Amino acid sequence: MDLFLQQVLNGLTLGSIYGLVALGLTLVYGILHVPNFAHGALYMVGAYVAYFTMVDLGLNYWLAMIAAGAVVAFLSVLCERLVFHPLRNAPPIHDKIAAIGILLFLEAVVQMYWGADFRRMPTPYTEILHFGGLTIPAQRLLIIAGAFGLMGALHLYLKKTMTGATIIAMAQNREGAFLVGIDANRVAMMTFAIAGVLAAVGATLFAPINLVYPAMGHLLIMKAFVIIILGGMGSIPGAIVGGLIIGFAEALGGFYISNEYKDVIAFALLVVILSVKPTGLFTKGVR
Amino acid sequence: MDRLMNFFVSPVLKWALLVLAVVFPLISDNEYHIYVMATAFIWAIAVYGMNIITGYCGQLNLAHGGFFAIGAYVVAILTVDHGWAFWPAFIAAGLAGAIFGFLVGVVSLRLKEHYFAIFTLCVGFIIYLLLEKWEALTHGSLGIINIAPPEGFGFVDFTETVPFYYLVLAFLVLSVWLVSRLSRSLLGRTFLAIRISDDLAQSLGINLMRNKVLAFVLSTVYAASAGALYAGVVRFIGPAEADVVHTFDMITYLLVGGIGTLMGPLLGTLAITWLTQMLQSLEEYRMIIFGPMLVILVIFFPRGIVGGFLTWRGRRLANKASQQDQGGESQASTQTSGTPGADKQEAGNNA
Chain A
1 MDLFLQQVLN GLTLGSIYGL VALGLTLVYG ILHVPNFAHG ALYMVGAYVA YFTMVDLGLN
61 YWLAMIAAGA VVAFLSVLCE RLVFHPLRNA PPIHDKIAAI GILLFLEAVV QMYWGADFRR
121 MPTPYTEILH FGGLTIPAQR LLIIAGAFGL MGALHLYLKK TMTGATIIAM AQNREGAFLV
181 GIDANRVAMM TFAIAGVLAA VGATLFAPIN LVYPAMGHLL IMKAFVIIIL GGMGSIPGAI
241 VGGLIIGFAE ALGGFYISNE YKDVIAFALL VVILSVKPTG LFTKGVR
Chain B
1 MDRLMNFFVS PVLKWALLVL AVVFPLISDN EYHIYVMATA FIWAIAVYGM NIITGYCGQL
61 NLAHGGFFAI GAYVVAILTV DHGWAFWPAF IAAGLAGAIF GFLVGVVSLR LKEHYFAIFT
121 LCVGFIIYLL LEKWEALTHG SLGIINIAPP EGFGFVDFTE TVPFYYLVLA FLVLSVWLVS
181 RLSRSLLGRT FLAIRISDDL AQSLGINLMR NKVLAFVLST VYAASAGALY AGVVRFIGPA
241 EADVVHTFDM ITYLLVGGIG TLMGPLLGTL AITWLTQMLQ SLEEYRMIIF GPMLVILVIF
301 FPRGIVGGFL TWRGRRLANK ASQQDQGGES QASTQTSGTP GADKQEAGNN A
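If you read the protein sequences in the order shown, they are chains A and B. Under the numbering used here, the residue at position 131 of the first sequence is numbered 131, and the numbers go up by one with no gaps. Under the numbering used here, the residue at position 323 of the second sequence is numbered 323, and the numbers go up by one with no gaps.
No lab work stands behind these hints, which were simulated from the structure alone. Careful, some of the hints might be misleading.
Taking CB as the label site, the calculated pair distances span [as the list claims (entries may be wrong)]: (1) D81/B with F118/A: 28 to 36 Å; (2) F301/B with M112/A: 23 to 31 Å; (3) D81/B with Q6/A: 38 to 46 Å.
For clarity, every value in this text was computed on a predicted model and none was experimentally measured. The beta-carbon is built from N, C-alpha and C at its ideal position, and this holds for glycine as well.
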């Protein structure tokens with residue numbers, strides 16, 4: 001039983017990180033209908049910025065997180081302005097290729113500056129807590145609390161503020177949003193900035209129990225895509241639920257079925273689901 | 001000027017290129033250059049496959065590198081572990097490409113646009129993971145060494161660079177010829193119709209699923225055959241062949257040359273390969289240049305070198321035609337102004 005609970009806890013940790021990254025992806029998709037393949041690279045840049053603010057500048061963990069959020073949000077907005085905005089009327093294949101271009105560029109730049117070595121990010125929260133038979137590293141608790149806190153904050157922002165409402169409006173109906181005078185450029189930039197912050201914070205939370213290296217975003221971005229397809233592209237609750245499903249499937253599958261193949265589980269799930277239902281689990285119609 | 005332009009779209013250019021390719025090993029005394037050229041030709045074959053599904057049919061397939069690796073692994077496993085000769089293994093690789101392509105295609109092509117791209121990205125990754133983890137079959141992350149080279153006949157020995165170069169060249173010419181036949185056939189037109197609009201194509205009575213799967217299987221057979229040749233020349237392969245980076249490289253080749261054009265894949269592959277060779281020290285960081293280049297290309301030159309040239313030529317011809325008609329009835333000029341699109345299409349199929 002304790003082992004099972006331990007796996008549930010692991011699943012929750014993984015799921016909350018996946019959820020954060022998938023949220024950014026799904027927000028961007030909802031606004032621009034761009035599957036942003038570069039999102040994983042932004043996550044990776046976030047981890048590197050946090051790592052170097054902590055190790056080279058000697059600042060504390062929270063300042064590093066803020067720095068990472070700011071830098072990645074800026075980069076993300078820059079991508080929107082320079083790349084996705086000019087391509088907004090191009091055939092859909094073009095922005096996918098452009099996103100791949102950004103991904104390749106960011107990875108190459110990081111690798112040139114900081115090398116391809118695996119690095120371990122330090123964290124001030126190294127205690128290990130015990131509840132009954134459960135052992136919980138403090139960082140994992142921080143991940144869960146941080147991720148869900150951020151999701152809650154995002155929910156409030158989208159539902160309670162005017163700018164948040166404009167984002168939702170544009171995701172629901174583009175033309176309708178223009179009709180009531182919503183500035184598309186502002187909303188797009190805002191969305192990309194939020195997506196960037198979510199990715200960077202996710203990276204800073206997750207990096208201490210994982211490793212930091214240039215290809216760290218690859219697997220994660222693919223899983224995030226699986227999640228948003230599961231949850232319906234553009235759906236915010238879908239991204240969170242999908243993230244938890246994949247997180248639990250991996251933790252439990254990795255423990256009870258095969259640890260070797262645990263990374264395949266998410267993709268196998270996707271293949272099975274899309275074979276049965278080509279529009280994804282929670283989508284209402286095909287876009 | 002006009003004669004030069006016509007030369008570029010005439011079959012003469014293709015023959016000239018072929019002659020150039022045939023005499024290349026005779027004028028170049030650097031064996032390494034011939035080797036680079038031969039591997040570039042192999043990649044070009046794979047890119048031609050990608051052009052069928054992505055260029056003509058309009059579906060961005062991100063598992064192409066995975067199918068390349070499947071071809072390479074079939075040859076490697078059959079020749080090393082089961083003692084097959086290269087040529088039977090080569091045919092088996094092509095068949096494996098077709099079978100896996102069919103299976104993946106039937107499932108993935110029910111999905112549209114973004115879903116298809118994401119799905120194939122995941123398929124590519126599953127292929128990579130399986131090659132790395134399934135040690136009993138694929139030797140795991142160590143890779144497979146001592147793959148049998150293609151058997152020669154008579155005095156011809158394909159383990160030497162120059163004969164191998166001609167072998168690959170022959171396959172390349174065959175591939176280009178097949179694609180050029182394809183693009184002019186009804187089937188090629190059908191693919192183009194699907195690229196332009198699924199719904200329109202369907203309303204013309206085109207069976208979307210059957211044609212898309214056919215295009216997909218053709219492309220995976222190209223990829224697997226290219227992978228098999230690659231295994232024959234490099235003679236050592238590992239799971240890294242299935243890395244998504246190779247797929248991204250192929251997209252770059254395709255986009256630089258001109259997506260959906262006949263000579264684009266070849267020109268793009270050769271241009272980028274030699275550019276990379278010249279910037280050898282940059283090999284690892286080539287993406288710092290190629291990444292932004294991809295972005296700039298899709299924003300400003302989405303049709304690549306060949307497509308860009310054809311567009312420019314089409315516009316020029318149209319301008320000239322409308323200038324000549326200036327004095328004539330307005331009806332005629334509206335008619336000719338309608339032609340550049342058709343003209344471009346025509347040229348696109350011939351170039």
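Tested hints:
Look at D81/B against F118/A: about 33 Å separates their beta carbons, and that is inside 28 to 36 Å. Hint check: F301/B to M112/A, Cβ distance near 26 Å, so the stated range 23 to 31 Å holds. Judged by the Cβ atoms, the range 38 to 46 Å given for D81/B and Q6/A holds: they are separated by roughly 41 Å.
Going down the numbered hints, you'll see the structure goes against none, and every one checks out.
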